[in-house]
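Number of protein chains: 2
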Amino acid sequence: MAAIDHFWAVIPAGGAGTRLWPLSRSSSPKFLHDLTGQGRTLLQGTHDRLVPLVADRFVVVTGAAHRSAVLEQLPEVAAARVLGEPAPRDSMGAIGLAAAVLEREDPEAVLGSFAADHVIPDREAFSEAVRVAADVARDDWLVTLGIQPVFPSSAFGYIHLGDPLPGHAGATAVREFVEKPSVRTATEYVATGRYRWNAGMFVARPTVLLDLLATWHADFAGALRAIAADPGRLEELWPGLPRIALDHAVAEPAAAAGRVACVPSSFHWDDVGDFDSLAALLGATATATTVLGDHDLVRVVDASGLVVPGSGRTVAVVGLDDVVVVDTPDALLVTTRARAQDVKQVVEALKAEGRSELT
Amino acid sequence: MAAIDHFWAVIPAGGAGTRLWPLSRSSSPKFLHDLTGQGRTLLQGTHDRLVPLVADRFVVVTGAAHRSAVLEQLPEVAAARVLGEPAPRDSMGAIGLAAAVLEREDPEAVLGSFAADHVIPDREAFSEAVRVAADVARDDWLVTLGIQPVFPSSAFGYIHLGDPLPGHAGATAVREFVEKPSVRTATEYVATGRYRWNAGMFVARPTVLLDLLATWHADFAGALRAIAADPGRLEELWPGLPRIALDHAVAEPAAAAGRVACVPSSFHWDDVGDFDSLAALLGATATATTVLGDHDLVRVVDASGLVVPGSGRTVAVVGLDDVVVVDTPDALLVTTRARAQDVKQVVEALKAEGRSELT
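Protein sequences, first through last, are from chains A and B. When you read off a place in the first sequence, starting at 1, and then add 3, the result is the number in the working numbering. When you read off a place in the second sequence, starting at 1, and then add 3, the result is the number in the working numbering.
Honestly, I wouldn't trust all of these hints.
[What the hints assert, rightly or not] Covered stretches of chain A (in silico footprint by chain B; criterion: 3 or more residues with CB under 8 angstroms from a CB of chain B, positions within the stretch not fixed):
| # | stretch |
| --- | --- |
| 1 | 298 to 312 |
| 2 | 342 to 350 |
[As the list claims (entries may be wrong)] Here are the computed distance ranges between Cβ atoms for each label pair:
| # | chain 1 | residue 1 | chain 2 | residue 2 | range |
| --- | --- | --- | --- | --- | --- |
| 3 | A | G357 | B | T188 | 50 to 60 angstroms |
| 4 | B | D345 | A | A82 | 52 to 62 angstroms |
| 5 | A | A291 | B | A221 | 51 to 61 angstroms |
| 6 | B | G315 | A | G261 | 51 to 61 angstroms |
| 7 | B | D305 | A | E239 | 42 to 52 angstroms |
| 8 | B | G315 | A | A289 | 33 to 43 angstroms |
| 9 | A | A291 | B | D233 | 52 to 62 angstroms |
[Stated by the list, open to error] The calculated lysine to aspartate or glutamate pairs, modelled on EDC-like cross-linking and capped at a C-alpha distance of 16 angstroms, are:
| # | chain 1 | residue 1 | chain 2 | residue 2 |
| --- | --- | --- | --- | --- |
| 10 | A | K183 | A | E255 |
| 11 | B | K183 | B | D250 |
| 12 | B | K347 | A | D305 |
| 13 | A | K354 | B | D299 |
| 14 | A | K347 | B | D305 |
If you are wondering where the hints come from, they were derived from the structure by calculation, not from laboratory data. The beta-carbon is built from N, C-alpha and C at its ideal position, and this holds for glycine as well.
Take these sequences, add in the hints, and give me the full structure.
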């Protein structure tokens with residue numbers, strides 16, 4: 004299949020991934036790491052997955068501190084298309100800036116925004132959904148991909164599907180976006196069959212996205228367009244931008260205004276949110292230990308879980324189930340898959356103590 | 004209290020301590036480590052405990068490879084009294100060699116043999132028991148200290164007490180030494196009140212010990228006396244010595260012959276056999292984590308057990324009870340207190356793979 008005409012991939016490469024500490028650090032966040040053990044980082048995997056859809060039409064938006072690392076990992080992407088944010092402004096700032104740049108560069112552009120740190124093994128199903136979404140977006144919809152829930156997660160927001168979209172097989176209207184629910188509410192959602200996980204994947208014409216933003220945040224949209232018109236104003240205008248997610252700034256009010264469509268999809272998607280989900284992604288079972296890294300460094304007696312030998316040292320695990328051991332040159336984590344979410348407490352404590360060199 | 008006249012401390016400093024891997028290595032065994040966190044190694048603690056009883060009358064017997072480390076840790080002990088074994092020959096070789104040396108050096112000597120890697124916090128009760136034992140030994144008994152069992156352990160041999168020893172308050176005859184029993188048998192032993200743990204602490208006149216050895220192993224005793232008479236013959240005679248414990252070579256047959264006495268004692272004794280017993284020794288509880296080393300390197304969220312931060316790296320433990328984490332520069336162990344015995348399986352596997360640099 005050929006690339007989609009005038010379709011651009013926008014990759015916001017941000018987020019600290021504190022629940023993946025000590026692998027992920029503010030100085031070296033999750034997207035820069037090969038967490039699948041296949042020789043490509045999450046950022047590179049995101050790029051590889053999109054090449055068949057966009058050829059070389061990429062815009063990456065990342066923190067200024069990570070720009071050189073991104074360029075090093077993605078030599079195929081032109082340096083001018085790796086935008087460095089002077090400070091984090093959440094997804095609306097990042098994706099909005101890319102939209103403003105593309106609005107000027109390609110009047111026929113449709114952009115799709117895909118986070119740099121997600122994993123989607125089934126590339127064919129993903130591509131098929133994106134093709135449908137791009138087609139819908141050309142009719143001026145803000146389109147989101149809706150992930151089939153695998154279990155009633157309370158960690159994700161949900162998309163409440165509406166009626167089928169006339170003229171676009173495989174797409175529906177969106178009634179609303181709902182915030183992370185309780186497990187009980189999520190169970191009800193999943194039972195209806197009318198809810199999808201919101202993975203934050205949006206497809207739209209840049210002008211549509213920015214005009215929607217302008218409807219509710221006129222100054223925000225104006226500042227983004229001013230930066231695109233004169234990149235020299237980035238440092239002046241960026242600090243004044245609100246720190247807000249695209250979901251809140253645009254997607255939620257646009258859904259209420261009947262402007263959002265969804266392409267419900269069934270491909271497996273994983274945001275690798277913590278070591279439990281990383282273990283699952285790597286195929287960990289209840290009876291064996293999964294190793295991310297050099298197997299020769301790991302010795303196991305009666306244990307299961309995830310071991311990441313990342314310092315060159317031998318790691319021995321004896322008699323623990325569903326354990327998580329992450330070994331790095333300056334910090335070591337020992338926890339369980341069930342407690343993987345609580346790793347962020349360690350990071351918060353280290354930050355509070357001023358041990359920023361470790362976080 | 005003054006030192007005991009002509010009483011000599013013999014410290015066999017051997018044993019690999021594989022269940023304390025990766026802290027204890029064949030290149031740096033358990034007795035060279037400060038496992039109590041009080042600034043003195045187990046060897047130094049053994050020395051300190053005996054100084055009030057012997058003043059400077061020490062003989063240490065250790066592997067040739069560890070002789071310089073022993074001298075460094077015990078600068079108070081004359082180099083000539085730190086004997087290096089060309090090869091390990093178990094406790095009979097080590098203690099017998101010291102006995103043969105002392106037999107020539109001090110005809111009135113009584114020796115007490117105390118392993119370099121045990122912990123006895125109650126020094127007063129220990130001293131009192133040794134004073135009684137030395138007194139009994141002058142009447143040509145082979146005397147052993149009998150440890151009051153704290154629980155029905157299947158990890159120790161037991162001493163079966165006989166009748167009180169006439170003329171020696173606080174001492175009894177020994178009916179027999181019994182090998183490590185099952186927990187069930189140990190429970191029966193403990194219930195009778197007539198059994199004590201055998202901690203391998205023997206007190207005797209050197210000539211008595213060697214003559215007893217000569218009764219059952221004449222060549223062995225002869226070789227030890229020949230080495231003492233001409234230390235130049237050590238390399239020639241040592242390799243031919245049997246590899247046998249003093250318990251089997253002398254104590255068991257001597258007990259059968261009615262030559263062994265016991266001083267039943269109530270001091271707390273710990274052979275720090277594995278990380279579970281080390282955790283208990285350090286006061287670990289079910290609700291808190293005990294740190295052996297620099298507390299500043301450890302971050303804990305809802306965990307209990309033992310953490311040994313030994314590489315300078317930060318160690319974070321989240322949501323695990325009774326866990327054991329031992330961090331060293333080249334190897335890391337993660338296990339539980341309940342599985343602490345199985346650490347030796349890791350060491351055996353590493354040895355089998357030829358990874359001797361790690362063991």
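Outcome of the hint check:
Counting residues of the stretch 298 to 312 of chain A whose CB falls under 8 angstroms from any CB of chain B gives 3; the rule of at least 3 is met. With a cut-off of 8 angstroms between beta carbons, the stretch 342 to 350 of chain A has 5 residues touching chain B; three or more are needed, and the interface restraint holds. The hinted range of 50 to 60 angstroms is satisfied by A/G357 and B/T188, whose Cβ atoms lie roughly 57 angstroms apart. The supplied range of 52 to 62 angstroms is met by B/D345 and A/A82, whose beta-carbon atoms lie about 54 angstroms from each other.
Distance hint check for A/A291 and B/A221: the Cβ-Cβ separation is about 56 angstroms, which falls inside the suggested range of 51 to 61 angstroms. Evaluation of the 51 to 61 angstroms hint for B/G315 and A/G261 yields a pass: the beta carbon distance comes to about 60 angstroms. Evaluation of the 42 to 52 angstroms hint for B/D305 and A/E239 yields a pass: the beta carbon distance comes to about 47 angstroms. At roughly 35 angstroms, the beta carbons of B/G315 and A/A289 sit within the given window of 33 to 43 angstroms.
The supplied range of 52 to 62 angstroms is met by A/A291 and B/D233, whose beta-carbon atoms lie about 60 angstroms from each other. For the proposed pair A/K183 and A/E255, the alpha carbon gap of about 14 angstroms is at most 16 angstroms, so the pair holds. With a C-alpha separation of about 12 angstroms, the suggested pair B/K183 and B/D250 falls inside the 16 angstroms cut-off, and the hint holds. Straight-line distance between C-alpha atoms of B/K347 and A/D305 comes to about 13 angstroms, which keeps the hinted pair within the 16 angstroms bound.
Straight-line distance between C-alpha atoms of A/K354 and B/D299 comes to about 14 angstroms, which keeps the hinted pair within the 16 angstroms bound. Annotation: proposed proximity of A/K347 to B/D305 holds, straight-line Cα distance about 13 angstroms (limit 16 angstroms).
Hint compliance for this structure: no hint is broken.
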